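S.K.: So you can see what is in the structure, the chains are spelled out below.
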Amino acid sequence: MIPLLEIKNLTIRFFTDDGVIHAVEDFSFSLPKNKTLGIVGESGSGKSVTALSILRLIPSPGKILRGQILFEGTDILTLPESELYKIRGNRISMIFQDPMTSLNPLFTVGYQIAEAVTAHQKVSRQEAKSRALALLEAVKIPEAKKRFNAYPHQLSGGMRQRVMIAMALSCNPSLLIADEPTTALDVTVQKQILELIAELQKDFQMSVILITHNLGIISEVCDQVLVMYAGRCVEEGPVSSIFRAPRHPYTFGLLRSVEKMIPIPGQLPILKESAVACTFAPRCFLAAEKCRQGEPPLFDVEENHQSRCWFHDQVQI
Amino acid sequence: MIRYIGERLLLMLFLLLGISFISFLIMQLAPGNYLDTLAMNPQISPAYIAHMKEKFGLNLPWYVQYFRWLLGILPHPVNGNWHHWDYFDFGISFSQQIPVFSILKPAMMNTLILALATIVVSWFIAVPMGVYAAVKQNGPFDQASIFLAYIGFAIPDFFLAMLLLFLASRTHLFPIGGMIGRDYEYLSPWGKLIDLFHHLFLPVLVLTVGNVAYLMRQMRASLLDVLRAEYIQTARAKGLRERIVIFRHALRNALNPMITLFGFELGFLLSGALAVEIVMSWPGLGRVIYEAIIQKDLYVVMGDLMVSSVLLIVGNLLADILLAWVDPRIRYD
Amino acid sequence: MIKGRTEWHIAKRQLRKNKLAVFGFWLLAVLYFLMIFADFIAPYDQAFSDGEKNFHPPVAIHFIDAEGHFHLTPFVYNTIERPKFSRHYLPDPSHRYPIHFFYKNTTLVEHSLLFLFPTSVHLLGVDEPARIFIFGTDDSGRDVFTRILYGSRVALTIGIIGVLVSYALGVLIGALSGYYAGKPIPLGWWKGWKPSIDVDNWIQRSGEMLLMFPSLYLLLGLRALIPEHLSSAKVYFLIVILLSFIRWPAIARVVRAMVLSIREREFVLAAEAIGCSNFRIIWRHIVPNTFSQIIVFVTLSIPSFILGEAFLSYLDLGIREPQASWGNMLTQAQDVVALTHYPWILLPGFFIFITVLGFNLLGDGLRDALDPKMRS
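If you're matching them up, the sequences are chains A, B and C in order.
Okay, so the first sequence: first residue is 1 according to the working numbering, each after it adds one.
Okay, so the second sequence: first residue is 318 according to the working numbering, each after it adds one.
Okay, so the third sequence: first residue is 651 according to the working numbering, each after it adds one.
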């Protein structure tokens, strides 16, 4: 069974005036149908860039240097522009962090959703409008008919994010990428949105990639977790496994910061050249001489569970 | 929305009152007046001058003069006759002995023709140029346009006007100043229009150069700003073609701040037009006020100041209303 | 003081990268250099006129003479007006007048180099009766090039002085306005009515009033307030006041906004808590922090002063003879016939243009360099 999405050896660099930034390095994972993957990492870890690369929306000066992004077997990176438009918003959809700035303030929300429909399907305006209304109801917006003609600034943050989700689901995508969908929302609303996403995932039968820096929300929605650090995957595995027994000191640190509010000392590095050692070593409590001598490969520690650490069996909860 | 306009109009009324006072104050403080120059002429008897002074009420205290003048502008019954109303009575021009308003009205029309023609031409040129420069940022067109914009913006209006007059007189392609030709009256309606355009060309060119330089840069900056916004990324992620992203989403939002500029245009152009009117002999408000100042024609200057200010305020009001109309954030607040 | 020195260094580096801004800077540097050394660089002085050479075109400089010989030093020919009073000049190739550098011209009044050394030496010169009118002459036979150099003194200084005056005025008013925004000064208590002066409101409204007039109309109107016959120096001074008066609302508004944004920051509250007098707070704390933005705004405002003075002088309402000003030199171009036949009288306008261009380029460059958003 071919996975829905397969990323192989993705490398992305940003060519800025200050130097070349290695945003994503040799990154790989695969996502089966109807499953939810959570990508966790601090800001700057490369997770958003990876997500954007799936739809080839990386802003310059970023460039995808190497790699393949296989969606249902076809490499997105080699597709011509005309084919790309058929995938964006149609087979793969994406929602972003701040719904206030992600929606065009000058158009009604109804219009923007209907636009997503007409972009890919030849339907009448009436038809698009009723589809948009149906979507508004699917994302549980109260008084959908009234809200259809509302402008983004007239809605609350949570409702705007629902609108974004409705827009993303308009063409029944097989894959939904949610880039920090709850970060800009109130805590109470966050839970609602996550529940909504989980529900819609089942209803619409799609795969979801949830990107966040907060390990805490992963458990709500995801089946599989991938932890990113400095543009690399450092651990990947089923949610239960990761939460019960993390096998990478970084993941361990993340869990601890969520549960016990103990932060990980130090800062995420911005790499300007290829790493010659484990990138997490400077902040790692398990770091040893071996870590500084070479970058560890991904070790298979359990079924479907990998870790990029020399000392993966010494990480304990 | 109606309330918004109403509020604005009320504010405008207060402003008008204020500027009428300032206009009055300015001319009151100016040393000397037309009658003084007359007094120097030995052929005019002092009795006549005294008579003129009284006729124009120049002997009265300043606040009385102000109220008389103000009352003249507002609709008022003439000589207590409630069946005959008059308004816009700005007084009489000393030098031409005709009502000031009869001088100002055609002058205002002429200035408006100049200003409106400039606005239309400028926007038609500047908006596409700005959009193209932004879309092909740092490309050859963009770089050239930045360069040209600096030059266009730095050239003084009156100097450019002189330069063009020089070219006009050398090449005989365009008339050298003025608004209508000598045989205007004998032309057919079409001929009249063509004659007007012929005379309008150079003055509009002068004003357009500076205007386009400014507007084009604003358009470019505005569009570049918008293209960086998150909702543009959303639009692309939705699968919209790049062309639709730019022309439906980006441009619409980028034009918003330009709309306010549109209303303020009138105010900017009035000043620029003054210089052009004087150099190119275009009979507009600018030329009128200049000549009136030289001749110390009190009421003309006051009236001109007021009228030009009113035009500016109306332009600003238009800008406010337009902005409220196109930006739902203001409309529904 | 809150600003560190490093901020300036970053800004300076950013500025150097901007080629247009650097070009503008050097353009202005050259102009100011010419202005300072005008006495020396100009071959003649302001009032010098050759009555026989009115509206003379720019003098041709030759290296090869009538017989085809090449000479290392450039030279000019004298010209004769033929036919008489036609203002048409023919060169007389019979005698060569080489161009001397560091020419001691004793026919002119002595000038002082840098106000210190009296001397008669000029950069260029030719023997009588030939003339080195590089840019031709005006209707009184005065050298245009010389007058442009002397005219630069008016243009290049009025911008700086005018901007300083309006800056001082605008900052003071704006700071006052911003500081008292929302805080009316109570005047005491009288029969149940608490009168107070809302300083901010009054200032803002009067500023708005002034902005309601198109600027040139207001300028002309206010100019009418000034009596006709004043000395050039007094007119200069009053024009500066006039132009500043028109400009203060714009500056004050900008300053007020900045003050408002800074007002609630901690260090101001701290200063208030310590008991610093209001004026001190304004002067010591608020002004330095708004400095960089003011610099940009001010640099970009200088052109409007230069243009204002030039236009007024052009209309004969500004600087008058015998002092040369680029504006009043252009007055002669009002006569279209003259303009057609003697286009070199437009050259002062070109100088106005490049001065304005220089300030615009520099000002924009400063703005980009000092704007934190633009840093890469």
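FYI, nobody ran anything at the bench for these hints, they're computed from the structure.
Heads up, some of the hints might be wrong.
Straight-line C-alpha distance at most 35 Å; calculated DSBU-like pairs for lysine-lysine [what the hints assert, rightly or not]: (1) Lys146(A) <-> Lys8(A); (2) Lys63(A) <-> Lys669(C); (3) Lys422(B) <-> Lys669(C); (4) Lys509(B) <-> Lys667(C); (5) Lys129(A) <-> Lys272(A); (6) Lys63(A) <-> Lys453(B); (7) Lys884(C) <-> Lys63(A); (8) Lys370(B) <-> Lys669(C); (9) Lys453(B) <-> Lys122(A); (10) Lys667(C) <-> Lys63(A); (11) Lys453(B) <-> Lys8(A); (12) Lys86(A) <-> Lys453(B); (13) Lys370(B) <-> Lys272(A); (14) Lys453(B) <-> Lys884(C); (15) Lys63(A) <-> Lys33(A); (16) Lys884(C) <-> Lys272(A); (17) Lys669(C) <-> Lys272(A); (18) Lys662(C) <-> Lys272(A).
Since we're looking at a predicted model, the values are computed, not measured.
S.K.: Work down the list of hints and note, for each, if the structure agrees.
M.R.: Tested hints:
{"no.": "1", "hint": "Lys146(A) <-> Lys8(A)", "in the structure": "violated, 46 Å"}
{"no.": "2", "hint": "Lys63(A) <-> Lys669(C)", "in the structure": "holds, 28 Å"}
{"no.": "3", "hint": "Lys422(B) <-> Lys669(C)", "in the structure": "violated, 49 Å"}
{"no.": "4", "hint": "Lys509(B) <-> Lys667(C)", "in the structure": "violated, 54 Å"}
{"no.": "5", "hint": "Lys129(A) <-> Lys272(A)", "in the structure": "violated, 49 Å"}
{"no.": "6", "hint": "Lys63(A) <-> Lys453(B)", "in the structure": "holds, 19 Å"}
{"no.": "7", "hint": "Lys884(C) <-> Lys63(A)", "in the structure": "violated, 65 Å"}
{"no.": "8", "hint": "Lys370(B) <-> Lys669(C)", "in the structure": "violated, 63 Å"}
{"no.": "9", "hint": "Lys453(B) <-> Lys122(A)", "in the structure": "holds, 31 Å"}
{"no.": "10", "hint": "Lys667(C) <-> Lys63(A)", "in the structure": "holds, 26 Å"}
{"no.": "11", "hint": "Lys453(B) <-> Lys8(A)", "in the structure": "holds, 33 Å"}
{"no.": "12", "hint": "Lys86(A) <-> Lys453(B)", "in the structure": "holds, 25 Å"}
{"no.": "13", "hint": "Lys370(B) <-> Lys272(A)", "in the structure": "violated, 85 Å"}
{"no.": "14", "hint": "Lys453(B) <-> Lys884(C)", "in the structure": "violated, 52 Å"}
{"no.": "15", "hint": "Lys63(A) <-> Lys33(A)", "in the structure": "holds, 28 Å"}
{"no.": "16", "hint": "Lys884(C) <-> Lys272(A)", "in the structure": "violated, 64 Å"}
{"no.": "17", "hint": "Lys669(C) <-> Lys272(A)", "in the structure": "holds, 29 Å"}
{"no.": "18", "hint": "Lys662(C) <-> Lys272(A)", "in the structure": "holds, 26 Å"}
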